[in-house]
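**Q** Listed below are the residues making up each chain.
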Amino acid sequence: MTSLALIIVPFVLALVALLWRDERSRPWLLPMAGVIHTALSLTLLFHPPAIAPNAWLGFDPLARAVLPAVSVLFLCCSAYSVAYLRLRSERPNRVFVAGMLAILGLLSAGHQARHLGVLWIATEAVTLAAVPSIHFNRTARALEATWKYLLVGGTGIALSLLGSFCLGYASLHGGGAGDLTFAGLTAQGTGLSRPWVVIAWVLLLAGFGTKMGLAPMHTWKPDAYGEAPGIVGAMLAGGVTTVAFTAILRVRAVVDAAGAGAMAGRTLLAIGLFSMVVAALFLLGTRDFKRMLAYSSVEHMGILAVGAALGGPGVWAALFHVWNNSLTKGALFLSAGNIRRAADARTCDDVAGMSLRTPVSAAVFVIGMLAVTACPPFGPFFSELRIVRTAFESGHTAAGAGFLGCLLFAFFGLTRLVFAIVDGRPRAAAAKPDSDKARETPGIILPPLALLACSLLLGLATPVVLQEAWTDAVKLLFPTP
Amino acid sequence: MIELSNLLIGLAMGLNLMALSSSRLPSVIRAAAVQGMVLGVLPLLLEHQFNWLIGLVSVGTIVIKGVVIPGLLRRALRAASIDREEDPLLGYVPSLLLGAAAAIGSVVLADALPLRPEDAGSLLVAGSFATLFSGFVLLIGRSKAIAQVCGYLILENGIYLFGLLLINTTPLVVEGGILLDLTVAVFIIGIIVDRIQRAFDTLDTRKLTTLKE
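Chains as they are written, first to last, in the working numbering: chain R, 1 to 481; chain B, 1 to 213.
Pulled out of the complex, with its shape left as it was, chain B reads as follows (with noise of 0.2 angstroms):
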């Protein structure tokens, strides 16, 4: 099982370097819903005795991860008929280096920390910072709200792949509420994003600097 889910989390790292090198927002987009689906298999292989809950939980993140939200984004970007990001803020080498970079950190990290004997053969912690910090790099690094969204996702499913860790202790209620928060987040974050194509006109976050000192 253990060697499975290695290789599902070392697809979600590539999906990280196909996301930062991208231009297309189209396949930003693509790279993160794959990569939701690709997290929301792994609670299957890594609970140990089946339980409905967590397939209820799993299922979920499948559906909500691979395809409501990212249905929202692929609309509002019809909505504002942008295909690429143009120019952002850190360019795709430097954000394609930075990522290799935190995947190769990430490993060596998750080796230099104490972990439990059942998770040492597994790369769900260093899986997990890699995410993390290419979401970060896409966060700051992209000014286009629906590339920054993506980089918020792909933030959140790095801190997923690390929840993981804990899925045989954590009460389920918790694991549900921290789930649809999270979904909610991200409703919301996309209205605002519709609300910022339709005040503004454009999905570009340079845009909004109105508000400084």
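The following block holds chain R by itself, in its conformation from the complex (with noise of 0.2 angstroms):
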């Protein structure tokens, strides 16, 4: 019941934000169901329920491991919306504060789905439910962003239907009953008709990988995470990006059981390290740090990507990892939110000196971009440190070694960037220090800094528990026979 409620809570608040008429007062909302939904998710991460082996929704171990950490970001994004929302009172914010509300239950609803077809519903009304979110701004440059994201979006979208409904054939052509749950499709194993599978997991991984944001599908979100608000853009790379990377691992538990593992295994290795390299050679030239964080978002999928082909222990360092990404990714975007209202300029050419005129968000900025860098002592050195061991320790040495390779420009591409803007003296358009633009207040501050700390806390003392539901949803995916 507890793991339904944090579907509906969200719904609900979104129906109410809808109605509300007061314009301050309706981005509390947020904050509002924020707090709810992580009680929620935290209570029942203590108190796993028991769920029935065919239930369509519930809270398994694999959403047990994932789902808290959107809970906890999410969090911090509301509580940041609310001063955000009110510097932007000149938008009416009643379709931003409903679709985000929608966002957040569709992703616990996408990361509780146990069948085939309801997990596509939820993950592409993700998809949908952001686009006017992406669109807040309504500047030329964001109707732009949006419409790429809706055309590449659109075709990822009908690339997994399509998949999902190969998936469903192959089980029907085994001589299945069409039950299209998780469960069953595994119980059904190598009764699955082969072919079918090998084409379902070629489009699912094209469909969801769009979703992810693996290269090449990856075109939108330089556009859409450099001009949708920063806290769409956290939600975005920490929240929808996990729910599609579930979805992959939930299909390939059904792609294992049918035999094809290691085929399964094989692409996700390579498209996971081409990620990588694209992701690092665009980050040695982009100029703008909004697409920058694109493009570290992209690498960091890669990375999800290369652990997860790398069998039980990649996963764990993989689940890990969303952990760790969608922490540190969060406290990057919201404090490049605050240093971008300040300069009112995003490329390193306009930009200089910011530690000067917003210096929590500019110190903020430096160490998230260190820690996203794989600097201990945050949580993704220690991830990234187990997957590499997990592919050296399993054979795959060229990989662990371009994996390396990726992340040492990756460094370069980021440093060079960060430190560009950070360092100097400021440009005569940045907002003066006193000004309402540039005024570093506890709403925008904090949530970044909660943020960062949560990514420590990750790296310093990984929880027990958290541990645990890795390791739950890893004998999930890969029962021993």
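No wet-lab data here; the hints were simulated from the structure.
Cβ coordinates follow ideal geometry from the N, Cα and C atoms, glycine included.
Just so you know, not all the hints are guaranteed correct.
[Claimed, not checked] Here are the computed lysine-lysine pairs in the DSBU-like style, where the Cα-Cα straight-line distance is at most 35 angstroms:
no. : chain 1 : residue 1 : chain 2 : residue 2
1   : R       : 437       : B       : 212
2   : R       : 437       : B       : 207
3   : R       : 148       : R       : 437
[As the list claims (entries may be wrong)] So the derived list for chain B, only partly shown, Cβ under 10 angstroms to chain R, looks like this:
no. : residue
4   : 46
5   : 47
6   : 208
Assembly of the complex is requested from the two constituent chains, each provided in isolation within its own frame, with the hints serving as guidance.
**A** Below, the structure written as structure tokens:
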């Protein structure tokens, strides 16, 4: 029942947001949803409920391993959004608030989906619910970003639906009764028709990979992340991508059971490394610091795919990395939003010396950048270390070496840009420190700090309950025969 | 029944070629609309026993794909006062040839794939692949936003055709959810097309080139 509340509460509040008349008080619905959602998901994290094996929705081990990260991220973003929407009071926020709440509800449904059709419906509805939020600024640039997001995302939607149908047909052709729950499909195992499973895997990897932003399907990402408000970027990079990743993990378990796991592993490894290479190259070239975050996100999606390709221990590390990526990226997006607003520009050609204009945000941005490029003692260092170690231990030496090389180039690219905008003398266009746009109120400073603190906590003392949750999820995905 | 459904699927494949070869946007919209209506009738022929939910899905598909969405697109067309796609990224003859090649290739491919005995005589798989591919060609080969939306509609019709293979086993709740998602997708795309028209005063997506490295 609590697990259903995770889905229903945000939807009810979204409805309230649509009906609420007062612009100034409406944003408070977001932190309200954030607090309830986080409380519920943490309760479920500590007391996992029993679920019927064939239930369509349920807080199963995989949901338990990932969904609380989304709750924490949403809580911090929602706290930030109250101050943010006050700064942007010239824009109506009805659709924005309702859209963000719908995203939260649909993310909860997507993470808990145990049925192929339900999973598709939830993940694709998230894509659509994000459209008004990306379009929030209503500039020509935001419109262009939205159009590209819709076209690329729409094609991804279509491919993953076709893939789902192919997987369903694999079951029918193998003599199944049409039970499309993941438990049912896994139980059918090698009874699934092999050619259709392979086709389904390719289509689903391309479809959900588009949503994750794996190269070469990542083209919507820099545009959308560059033009959307920081909170939306944080939710897309830390929430929507994770639901697509768990979808790939669930499908992969079925493909594994059907006896095509080696093929799935190889394709994941190839696409993951390719994403990391593409991201590293673009990170060395880009001059826009919000687009930089998008390429960094492509890189981290590549890291997740590589982890998932390496079997049980790799998936464990990838689940750990999901948490690190969500929380650290959140801190980066929120602080980048502060800097962008104060500087009123977006490239390193026009922005410099932000450590003097917005000292706290600049500090969070620099520390977040170090965390995301895997500097100890932050969480990403430990999860990426585990992935590298698993790669070398399982004999994927070349892949491990390529992985490290990409991390190094990404580090060069990120530091180059981050220090260019933080260091030096402020440009004339930047807002004065005492102006409204540059003032660092607690409302816009504490949320990214909190996210950074969570990332540090994950690195220094990874909570035991989370480690258990990841172990259980790996057991669900790779049941020992 | 299978002959009749194959006839309709053949008709849908013909409409693909019509959409690919036409330079006038209203006829591209008409092709996509008629195709949507043809596909709406198919579930009634394929379902073993009549059931009111299937009827509802069928009527819903016909109304939404055949009337509502094409109506929205025609309105956008009138507002933008354009009639033809002047210089597509991919010419009409090459697109038509690609479409024809896709139709033949799909029949060959469907033959090569393992199918259930009851689906072996049906054109569903071949029609689905051909329609998907034609939609894809329209989506990437045209520069006007409306033609791209039509491409997306046709692509979606192809997937719908494939989905009909599973119609006897998938629960209707799931089918309804899928149909709803796709409808909302096209509606949102329509709204954004309208905004592009107002903001840029054009529906030529080649004007959308500010964002790049």
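**Q** Confirm or reject each hint.
**A** A quick look at each hint next to the structure:
Distance restraint check for residue 437 of chain R and residue 212 of chain B: the Cα-Cα separation of roughly 27 angstroms lies within the 35 angstroms cut-off, and the hinted pair is therefore satisfied. A C-alpha spacing of about 32 angstroms is found between residue 437 of chain R and residue 207 of chain B, which places the hinted pair at or below 35 angstroms, so the restraint holds. Between residue 148 of chain R and residue 437 of chain R the CA atoms are separated by roughly 30 angstroms; this keeps the pair inside 35 angstroms, and the hint holds. Here the hint on residue 46 of chain B is broken, as its CB sits about 14 angstroms from the closest CB of chain R, past 10 angstroms.
Interface hint status for residue 47 of chain B: violated, as the beta-carbon distance to the closest one in chain R is roughly 14 angstroms, over 10 angstroms. The interface hint given for residue 208 of chain B is met, as the beta carbon of that residue sits about 4 angstroms from the closest beta carbon of chain R, less than 10 angstroms.
Checked against the numbered hints above, the structure violates hints 4, 5; every other hint is satisfied.
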